[in-house]
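Number of protein chains: 2
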Amino acid sequence: MTKNEQNTSLDAIDHIAIQVANIQEALDWYGKHFKCTIEYQDNSWAYIKFANIHLALVVASQHPNHLAFIVDNAAKYGSLQTHRDGTKSVYVDDPAGNTIEFVESSTCK
Amino acid sequence: MTKNEQNTSLDAIDHIAIQVANIQEALDWYGKHFKCTIEYQDNSWAYIKFANIHLALVVASQHPNHLAFIVDNAAKYGSLQTHRDGTKSVYVDDPAGNTIEFVESSTCK
Chain A
1 MTKNEQNTSL DAIDHIAIQV ANIQEALDWY GKHFKCTIEY QDNSWAYIKF ANIHLALVVA
61 SQHPNHLAFI VDNAAKYGSL QTHRDGTKSV YVDDPAGNTI EFVESSTCK
Chain B
1 MTKNEQNTSL DAIDHIAIQV ANIQEALDWY GKHFKCTIEY QDNSWAYIKF ANIHLALVVA
61 SQHPNHLAFI VDNAAKYGSL QTHRDGTKSV YVDDPAGNTI EFVESSTCK
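The listed protein sequences correspond, in order, to chains A and B.
With this note's numbering applied, the first sequence covers 1 to 109.
With this note's numbering applied, the second sequence covers 1 to 109.
The shape of chain A in the complex, shown without the other chains:
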């Protein structure tokens, strides 16, 4: 990739997280309606792969609805918290109150 291509490339949205009341019920619904792959699931979190993005199913007690981006210096947006998969990130509100997660790239596998 040339420098020019790097400059003009766009950022990707790493994942979308939506709150659900019951993880298994939601997995059944998304699996029924769409071709997608469950990469992880337990009683409080699931991670579904689509062709272009991952969808996280979360519970309200653990995570807000959010859009996540992997960035090189997440700490500039606030104090990082460590998640159970080892990644570190910070949640920030956009001007309208939508939650954006900045995930530190160096903590991603």
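Just so you know, these hints were derived from the structure itself, not from any lab.
Hints may contain errors.
Unchecked claim - Think about it this way: if two alpha-carbon atoms lie no more than 30 Å apart in a straight line, the pair counts; the simulated DSS-like pairs of lysine-lysine are: (1) B:Lys76 x B:Lys35; (2) B:Lys76 x A:Lys49; (3) A:Lys109 x B:Lys35; (4) A:Lys35 x B:Lys32; (5) A:Lys49 x B:Lys109; (6) B:Lys32 x A:Lys88; (7) B:Lys35 x A:Lys88; (8) A:Lys49 x B:Lys49.
Put chain B on the given structure of chain A with help from the hints.
Frame of chain A, contents of chain B only:
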């Protein structure tokens, strides 16, 4: 693409829509933090291209927060409504109340 590849391919999420209070304010914020391209904007709607997906900024009076999928027979999910860009779609709630938009593929450019 072989038949086998078609069978194993995953669906894509076409776009994510999030409600914002002020379209321009939100565009300024996303443009400041991310490499993305504004494909359309007016006072009540904006459409931003990221590397892997589009993000729609919408106002609460017009659209709910939602995830949109392009499908071949959207009408099976309910009565289609026509949008100003000519696409037809229907909004359906997942079991937790998250809004999913099924966009009829034949109405997409």
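Now the hints, each set against the structure:
A distance of roughly 37 Å separates the Cα atoms of Lys76 (chain B) and Lys35 (chain B); the hinted pair therefore is violated under the 30 Å criterion. As the CA atoms of Lys76 (chain B) and Lys49 (chain A) are separated by approximately 24 Å, the hinted pair is consistent with the 30 Å bound. Taking the CA atoms of Lys109 (chain A) and Lys35 (chain B), the gap is near 23 Å; set against the 30 Å cutoff, the hint holds. Distance check on the hinted pair: Lys35 (chain A) and Lys32 (chain B) sit about 34 Å apart at the alpha-carbon level, beyond 30 Å; violated.
The suggested pairing of Lys49 (chain A) with Lys109 (chain B) holds, with an alpha-carbon distance near 26 Å, which does not exceed 30 Å. The suggested pairing of Lys32 (chain B) with Lys88 (chain A) holds, with an alpha-carbon distance near 22 Å, which does not exceed 30 Å. At roughly 22 Å between alpha-carbon atoms, Lys35 (chain B) and Lys88 (chain A) fall within 30 Å of each other, so this suggested pair holds. Distance check on the hinted pair: Lys49 (chain A) and Lys49 (chain B) sit about 20 Å apart at the alpha-carbon level, within 30 Å; holds.
Hint violations for this structure: numbers 1 and 4, all remaining hints satisfied.
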